[in-house]
Structures are given as structure tokens and as C-alpha cells.
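Visitor: So you can see what is in the structure, the chains are spelled out below.
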Amino acid sequence: MSRRTEGAPASWEVFLRPRRGLNHQHVGSVRAADADTALLRARDLYTRRGDPLSLWVVRSDAVHAASPDERDPFFAGAHHKPYRYPEHFPPLTEKGADGDHLD
Amino acid sequence: MSARPTGTTPASQDELLAHFDGLIAAGETVEPRDWMPDGYRRMMIRQVAQHAHSEIIGMQPEGAWLTRAPSLYRKSVLIAKVQDEAGHGMYLYSAAETLGVDRAALLDALHQGQQRASATFNHPALTWADTGAIAWLTDGAAVINQAPLCRTSYGPYARAMRRVCQEEAFHVRQGYDLMRTLCEGTPEQKAMAQDAVDRWWLPAVALMFGPPDTEAGGADARAAALGAAVSRRAMAWGIKRHTNDELRQRFVDSCVPQAERLGLVLPDPAIRWNEERGHHDFTPVDWDLYRAALGEDTHWSRQRLAHRRAAHEDGAWVREASAAYAARFGADGPPPPPAPDPETASKAGAGPAAVEDVRGGAGERA
Chain A
1 MSRRTEGAPA SWEVFLRPRR GLNHQHVGSV RAADADTALL RARDLYTRRG
51 DPLSLWVVRS DAVHAASPDE RDPFFAGAHH KPYRYPEHFP PLTEKGADGD
101 HLD
Chain B
1 MSARPTGTTP ASQDELLAHF DGLIAAGETV EPRDWMPDGY RRMMIRQVAQ
51 HAHSEIIGMQ PEGAWLTRAP SLYRKSVLIA KVQDEAGHGM YLYSAAETLG
101 VDRAALLDAL HQGQQRASAT FNHPALTWAD TGAIAWLTDG AAVINQAPLC
151 RTSYGPYARA MRRVCQEEAF HVRQGYDLMR TLCEGTPEQK AMAQDAVDRW
201 WLPAVALMFG PPDTEAGGAD ARAAALGAAV SRRAMAWGIK RHTNDELRQR
251 FVDSCVPQAE RLGLVLPDPA IRWNEERGHH DFTPVDWDLY RAALGEDTHW
301 SRQRLAHRRA AHEDGAWVRE ASAAYAARFG ADGPPPPPAP DPETASKAGA
351 GPAAVEDVRG GAGERA
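Residue numbers (UniProt numbering), protein chains in the order written: chain A, 1 to 103; chain B, 1 to 366.
Excised from the complex, chain A in its bound form (with noise of 0.2 Å):
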């Protein structure tokens, strides 16, 4: 049994698009030998109920990513730019801190 552990299949991310007008989510792994197997698998596994219109896998060792950490400047988010969000400015219909802006 000792060598199985040595063969694992790969892991695949598995990604659904549960139903028309949504992206599609990650919703968990399978592990498989190739692509083709991958999808069975994540069929049976994530697809069971619904009406699931696509399923992507893809190899684990291949997504990249970064996690917000709080020693990370890799998301340095918009906290010091308040004017990315409509809320630094006055609604259309107010008087703001400076005036009229009916424009």
C-alpha cells in the first residue's frame, strides 16, 4: 500500500458555473491521472444535482497565487486612495462640504 502513496494522481482545482449568468467557482479537487479522467471525476463529485452548464479543471501545481498577509504589500488595496470609491465624493442630489454639486 506504501506505494500508492508514492503514485498519488495529480490534484486537479475543480471550477463550476452552477447556472447561466455566474462565473465559474471553485468548488473543491479531485485527484486523476489526466484531464479527461479530472472531469469525471469533478462530474460525479460536484455535479450530482442542479443544472450545472461547465466544469474546468486544472492541475493544482498550476494555479499561482498570493495571500493577502499582514506583513505582504502584495495587495496594497485602495485604503490610502479614498477616491477609488464613490463614497469620497458628495451624491448628486446633496450639498457636499463644499457647495452645490447639481451638476
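Accuracy of the hints is not assured; some may be wrong.
As the list claims (entries may be wrong) - Over 12 Å on every C-beta distance to chain B, these chain A residues come out as not near it, computed from the model:
id	residue
1	28
2	48
3	79
To be verified - Each pair of labels, with its calculated beta carbon distance range:
id	chain 1	residue 1	chain 2	residue 2	range
4	B	268	A	53	43 to 53 Å
5	A	58	B	221	35 to 45 Å
6	B	312	A	80	29 to 39 Å
7	B	14	A	85	28 to 38 Å
8	B	221	A	81	33 to 43 Å
9	B	71	A	65	45 to 55 Å
10	B	321	A	50	24 to 34 Å
11	B	222	A	53	49 to 59 Å
12	A	25	B	272	42 to 52 Å
In short, the hints are calculated from the structure, not lab data. Glycine is no exception: its CB is placed at the ideal position from the N, C-alpha and C atoms.
Start from chain A and add chain B according to the hints.
Guide: Showing chain B alone in chain A's frame:
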């Protein structure tokens, strides 16, 4: 997705722990690439693996009746149910792998007896009615356990639980429907239903919720403290939301009126409504009762494991053939004719053409 350490500047252990504690306190989920205490990771791997093992071992008692279902309709329902259990195991192995373990290693640990499945299923399904009693009682218990787990602190586990819970509702209802049909049938059929409930009540009430962890659950102070220490740790980390005994009480309260409607008797003479507590009293699950229900190293615990091992070994040729196919053609399958060298094909296939193909096939473009 494997859990790789993030490649950021090293933070002090205290800072990392403070950040982790902050997430838990805020009711946020912990995600695979987040730093987490070793103890949290270990407890999570242990729980998710045990849960996954229980799902696939749990297929066996009902699976044994697939070929003997009394009608094509009941057979179709049971196949769907047992297939779901396999699926639940796969959701959970997938979640466990995000913690940095390999599912093949987890299966090895199960097969070699280093990790266990729930002892609930170390009991035989002697009659057709057992399939109904298992679904009504043990799946009913699972729903009560798993509903709070949909908000457990580890993100992938919580998401797997949400999928599982959606499917469990069908399991419980079909089991109850099966029992009701038997109870409305001949006296022999009703007796069969009662007999099955007599056998599955204790495994459900004692084993599906874990050992006693409060004195209210009937354990003596020392034993309760033992169970409570584990529960407290799991609750502090947001892994569990309720004590075992609290969920056990909830289960008993839900089953009593259901059994009454079926006209079946739950095999516990101590069950009665307690006005003062607003709950049903029942025979406390103390450690003696718990150990008695465990059935460790019994014929049926060995049987379940032997069957699981045999199924795994019987499937070896499929895994080997699949691996050989992939080794020959690469992960993308055989190339279209005329066949180029598989080495270059796999490299070329990963280029823009393949991406376009995925999009076209998935209907992203008109």
C-alpha cells in the same frame, strides 16, 4: 491546493498567533495559506480525516442492501444515497489536503488502523429496515452535528460541510419515509422497523456525538473533565460550536416526536419530557455506556476495515492503468493524429492554443 508557507518576511510567533487569534475572535475563517498553530492544524487534520473515513466506511452497512432492495424505486434512492456518502468522503479528503496531508496517506492510515472511522458503523445492517433506521437516526444525528460545522473556523472544512448538509436532508427524509412505509405495512414489517430502531438507537445517540463532555451528560466529574478539556480546546478554536452532550440532547429532543408519529418506541425507558428543563430526559451516556457501544476490535470493526482494504486493493489495477496512460500520453491525454512527440506536445499544449480551447469548450466566448 497544497498548503505552502507564505513567502513573506518572517513575523514573530507572537504576532502570527495574535493575527490567528484575531481571526477566530472575529468569527472569520482560517484559510489554507494562513499561519495556524500546529495544534490547530493537527486537531483539524484529525477531525476532517476521521470524518472523511466515517463517510466512506459508512457506505458499507447500507451498501450491503443495494442488491436486495425491495423495489427498483427504493434501489435507485439507496444508490443515490450511498453515492452521496462516497462524495462526502471525497469533499472531506479534498478539504484535508488543504492542510498539507495527502489523501493517499490518510487512506493508508485508515487501512493500517492508525486512524479510525466512527464506530457507529461497526454494527451490522441485519434487515432492510436497518437501511431506514441508519438514515433516519445516524444521518439525523449527523445533520445535528454538521449544521454547526457549516460555521466551523477552517474555511475548506466549513464549505465541505455546507455541501454535505444540503445532501443529508435528503438522506434523513428518505430514511424516515422508508420507516413510515414499513410501519404502515404488515405487523411483520412494523416489527422489523422496531427491531432495527432497537439496534441503531444506541450507536446513534452514543457514538455519533462523541464521548460525554459535561456532567449534565451523566459523566462523573473526572470523566466529564477529560471530555470537556478536548471540547473546550476545539471550541476555543472555533472548530466546534457546542459540547457533545448539548448536541446529543438536541438529537433526542428531535427524535422523540418523530418516533411517536411512526408509532415506534425508542429503546430507552428513561426517555420522558422534563418540564423543568424543557428537554427530554434520557439514559445518560456515561463512559461505560460509551465504551460498550464502541465495539472496538469486534468482528464488525474488523469486517468494515477488511472490506475497505479489499475494495482498495481490488481497484489497484484501475489506478495503475490510469497512471500508465498518463505516463504515456501526459496529463492532456493522447495527442490528435499525427502524433507528435509527447514531450513537446505537453509543452506546446500548455500554450495559448490550449487556453483558447478551454474557453471555447466552456462557452466563455460566443
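Visitor: Take a look at whether the Cβ-Cβ distance between residue 58 of chain A and residue 221 of chain B falls inside 35 to 45 Å.
Guide: Between residue 58 of chain A and residue 221 of chain B, where Cβ atoms are some 54 Å apart, the hint is violated.
Visitor: Kindly confirm whether 24 to 34 Å is satisfied by the beta carbon distance between residue 321 of chain B and residue 50 of chain A.
Guide: Holds, since residue 321 of chain B and residue 50 of chain A (Cβ atoms, about 32 Å apart) stay within the stated range.
Visitor: Would residue 48 of chain A pass as off the interface with chain B, using Cβ distances and a cut of 12 Å?
Guide: violated, 7 Å
Visitor: Range hint 49 to 59 Å: satisfied by the CB atoms of residue 222 of chain B and residue 53 of chain A?
Guide: holds, 57 Å
Visitor: Does the claim that residue 79 of chain A lies off the interface hold, with its Cβ farther than 12 Å from every Cβ of chain B?
Guide: holds, 18 Å
Visitor: Regarding the assertion that residue 28 of chain A does not contact chain B, is the least Cβ-Cβ distance greater than 12 Å?
Guide: violated, 5 Å
Visitor: Take a look at whether the Cβ-Cβ distance between residue 312 of chain B and residue 80 of chain A falls inside 29 to 39 Å.
Guide: violated, 55 Å
Visitor: Should the hint that residue 221 of chain B and residue 81 of chain A are 33 to 43 Å apart at their CB atoms be regarded as holding?
Guide: With a Cβ separation near 59 Å, residue 221 of chain B and residue 81 of chain A fall outside 33 to 43 Å, so the hint is violated.
Visitor: Given the range 45 to 55 Å, decide if the beta-carbon distance of residue 71 of chain B to residue 65 of chain A lies inside it.
Guide: holds, 50 Å
Visitor: Taking the CB of residue 268 of chain B and the CB of residue 53 of chain A, does the distance hold inside 43 to 53 Å?
Guide: This hint holds: roughly 49 Å between Cβ atoms.
Visitor: Lying within 28 to 38 Å: is that true of the beta-carbon distance residue 14 of chain B to residue 85 of chain A?
Guide: holds, 34 Å
Visitor: Hint says 42 to 52 Å; check whether the CB-CB distance for residue 25 of chain A and residue 272 of chain B agrees.
Guide: Since the Cβ atoms of residue 25 of chain A and residue 272 of chain B sit about 48 Å apart, the hinted range of 42 to 52 Å holds.
Consistency with the previously given hints fails for numbers 1, 2, 5, 6 and 8, ordered from lowest to highest.
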